[in-house]
Each structure stands twice: as structure tokens, then as C-alpha cells.
Amino acid sequence: MWTRKQVKTRGKKAFKRNYWKSVLIALILSFIIGGSAGSNGASGTFGQLTNSIPGHQVEVEDTSEGDDGVLIGEADDTEDANEEDAASEDSANNYSFEVGPEDMPAGAIISIMAIVTIIVLAIVAFALALDAFIFNPLELGCQRYFFKNLDEDAKFSNVVFAFDHSYKNIARTMFLRDLYIVLWSLLFVIPGIIKSYEYRMIPYILADNPEMPTEEVFAESKRLMSGNKWKAFVLDFSFIGWQLLSILTCGILSIFYVDPYQYSTNAALYEALKYGTEEA
Numbered sequence: 041m042w043t044r045k046q047v048k049t050r051g052k053k054a055f056k057r058n059y060w061k062s063v064l065i066a067l068i069l070s071f072i073i074g075g076s077a078g079s080n081g082a083s084g085t086f087g088q089l090t091n092s093i094p095g096h097q098v099e100v101e102d103t104s105e106g107d108d109g110v111l112i113g114e115a116d117d118t119e120d121a122n123e124e125d126a127a128s129e130d131s132a133n134n135y136s137f138e139v140g141p142e143d144m145p146a147g148a149i150i151s152i153m154a155i156v157t158i159i160v161l162a163i164v165a166f167a168l169a170l171d172a173f174i175f176n177p178l179e180l181g182c183q184r185y186f187f188k189n190l191d192e193d194a195k196f197s198n199v200v201f202a203f204d205h206s207y208k209n210i211a212r213t214m215f216l217r218d219l220y221i222v223l224w225s226l227l228f229v230i231p232g233i234i235k236s237y238e239y240r241m242i243p244y245i246l247a248d249n250p251e252m253p254t255e256e257v258f259a260e261s262k263r264l265m266s267g268n269k270w271k272a273f274v275l276d277f278s279f280i281g282w283q284l285l286s287i288l289t290c291g292i293l294s295i296f297y298v299d300p301y302q303y304s305t306n307a308a309l310y311e312a313l314k315y316g317t318e319e320a
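Position one of the sequence shown corresponds to residue 41 (the numbering used here), numbered consecutively onward.
Be aware that a few hints might be false.
Claimed, not checked - The calculated lysine-lysine pairs, modelled on DSSO-like cross-linking and capped at a C-alpha distance of 27 angstroms, are:
| hint | residue 1 | residue 2 |
| --- | --- | --- |
| 1 | Lys61 | Lys188 |
| 2 | Lys235 | Lys188 |
| 3 | Lys235 | Lys56 |
Unchecked claim - For each label pair, taking beta carbons as the anchor points, the in silico distance ranges come out as:
| hint | residue 1 | residue 2 | range |
| --- | --- | --- | --- |
| 4 | Gly147 | Ser236 | 17 to 25 angstroms |
| 5 | Ser197 | Phe228 | 40 to 48 angstroms |
| 6 | Ser151 | Phe279 | 49 to 57 angstroms |
| 7 | Ile230 | Ser206 | 31 to 39 angstroms |
| 8 | Lys53 | Ile155 | 55 to 63 angstroms |
| 9 | Ser197 | Ile73 | 16 to 24 angstroms |
| 10 | Ala146 | Ile280 | 31 to 39 angstroms |
| 11 | Asn249 | Leu288 | 39 to 47 angstroms |
| 12 | Leu227 | Ile287 | 27 to 35 angstroms |
| 13 | Val63 | Gly232 | 27 to 35 angstroms |
| 14 | Tyr207 | Leu227 | 26 to 34 angstroms |
| 15 | Ile149 | Phe203 | 43 to 51 angstroms |
| 16 | Tyr207 | Cys290 | 31 to 39 angstroms |
The set of hints was computed from the structure by calculation and includes no laboratory data.
No residue lacks a Cβ here, since even glycine has one placed at the ideal position from N, Cα and C.
I would like the entire structure built from these sequences, with the hints used as guidance.
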């Protein structure tokens, strides 16, 4: 049975022993995890693009000089113009008009919307492909580094491990992990959080056994996390103090201490679950 203190102590010692390399790998992993959420920004891009479609108020003001440009020698009796005429002239100088979709042909509007939709779909497809074929395999490699670093000075080459070992199986399994979490998250978020903890060990399992079939990987992660999801949540929450300090240092503390410490601790958790289960 593992304890929070044991895995945190194990993780801290491991990353400090190989400090600078661990900091660099943690920085890469943090970038990957952040980058894999890029597809969620497609809706923001859609909003920006659709702003180009007419349908807003346009204010136009006449900047002509009015009576200031009176020629020398012009009769002074122009100053006696009727105030009502001047008021009507001022009101004519400032006017507004409405530009709406009705001012454009229906075919043009449909064409614009079709172009915007195609652009958004292309961005989403590119983000998903980048996540599935690049970011997820790199994430697995970084997690493998931290696991290997528990017992040895792990090499930087672990980062690209997935590209040389059953790449298709790894990419497919990691993609399905993300897909299932997203689908479960549609059910009021909480089920998605639970599933994210249930699938937490998938990168480590694949790093150990890259050829393991997808169904077995999911089953093994579920088995390892059975009865440990709440404890893993408490383990994550125990880093809240460090994360608050990281905010105060504009993320500097996170880069050089908190992130490698936490990633190494997560690897130590997998080690504790794996060997603790085998001993049982």
C-alpha cells in the first residue's frame, strides 16, 4: 500500500539526481500538454472570422470644413443665415446607415459562411492530427523518461521512444484515451474527471509495454487505479501550495522545481501501483 509521502519523496530524489535534464523534459511535457488543447481554440477562431460578415452599425461623419472656408471678400451677410437652416445642415453632416445581411445577396452570405466553416474544420482537423500523431507520442516519451529516471540517469532519447516502438498502437491508444475522456466529460464534467484518473496510467503502461493491445492497456490502467483514484486526487491537490507559489513567481518556480517534481512523483505513483499489485 503506497502513501503520499513515499511517492513524493521518491519522485523528489529522482528528479534532483538528474536535475537539469529533468527540468528540460518537464518543460517539454508542459508545452505538449498545453499544446494538445489547441483544438479547443477553434471556436474562438470561428468567432473572429465571422466578425468579418456585415451586420454592424457604421457611423459616418462629414468632416467638411463647413463655413470656415469662406472666401475673402465674400458678403458678410452669410453670417445672418437662419439658425434652423444651420441646424438642418449640421444634422445632414452627421448621419448613419445600417449595413445588414439583407444588403448582400443570399449566395454571397452562404459562400462566406461556407468558407468560414471550411477554415474552422481545417484548423480543428490539423489540431487533432497534431495531438494524435505528435503530441501524444511525445507525452508518452516524456513520461517514460521520468519513470526510467527513478532507478537510473535516464537518457533524453526516451522522449522519442514512441516513434520507434509500436508507434501506430501507441498513437491509437492514446487518441482513444483522449476521445473517451472528452465524451465522458460531456456528462456534466465529473464523469470525465473520474475517467481521466482511471486512464491515468495508460502512458506508463504503454511505455513499459508498447505492443500491448489497446483493450488490455485500458483494462490494466483501470485495475491499477481501482481504489486509488481518490488518493491520486489528494496527491495532486497536495501540490496546490507549490502551484500558488509558482503563480507568484510568474511560473519560474514551476519550470525549475514544481513541474519536474510533480511529473517525477506521478511516475513514482505508477511504480508503487505496479509493483504493489504484483506483490499482492
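To see whether the hints hold, each was checked on the structure:
1. For the given pair, Lys61 sits about 13 angstroms from Lys188 by alpha-carbon distance, which is consistent with the 27 angstroms threshold.
2. Proposed proximity of Lys235 and Lys188 is supported: the alpha carbons are some 26 angstroms apart, at most 27 angstroms.
3. With a C-alpha separation of about 31 angstroms, the suggested pairing of Lys235 with Lys56 is violated against the 27 angstroms cut-off.
4. The given range of 17 to 25 angstroms is broken by Gly147 and Ser236, whose C-beta atoms sit roughly 46 angstroms from each other.
5. The hinted range of 40 to 48 angstroms is satisfied by Ser197 and Phe228, whose Cβ atoms lie roughly 42 angstroms apart.
6. A beta carbon spacing of about 51 angstroms between Ser151 and Phe279 agrees with the range 49 to 57 angstroms that was offered as a hint.
7. About 33 angstroms separates the C-beta atoms of Ile230 and Ser206, a value consistent with the hinted range of 31 to 39 angstroms.
8. For the pair Lys53 and Ile155, the beta carbons lie near 56 angstroms from each other, so the given range of 55 to 63 angstroms is met.
9. A hinted range of 16 to 24 angstroms holds for the C-beta pair Ser197 and Ile73, which are about 21 angstroms apart.
10. Against the hinted window of 31 to 39 angstroms, the Cβ-Cβ separation of Ala146 and Ile280 comes to about 55 angstroms, which falls outside the hint.
11. At about 41 angstroms, the CB distance of Asn249 to Leu288 agrees with the hint of 39 to 47 angstroms.
12. Taken as a hint, the range 27 to 35 angstroms holds for the pair Leu227 and Ile287, whose Cβ atoms sit roughly 31 angstroms apart.
13. The hint said 27 to 35 angstroms for the Cβ distance between Val63 and Gly232, and at roughly 31 angstroms that hint holds.
14. The beta-carbon spacing between Tyr207 and Leu227, approximately 32 angstroms, falls within the hinted interval of 26 to 34 angstroms.
15. Take Ile149 and Phe203: their Cβ atoms lie about 46 angstroms apart, and the range 43 to 51 angstroms holds.
16. Between Tyr207 and Cys290 the beta carbon distance is about 37 angstroms. The supplied range of 31 to 39 angstroms therefore holds.
Hints 3, 4 and 10 from the earlier list are contradicted by this structure; the remaining hints agree with it.
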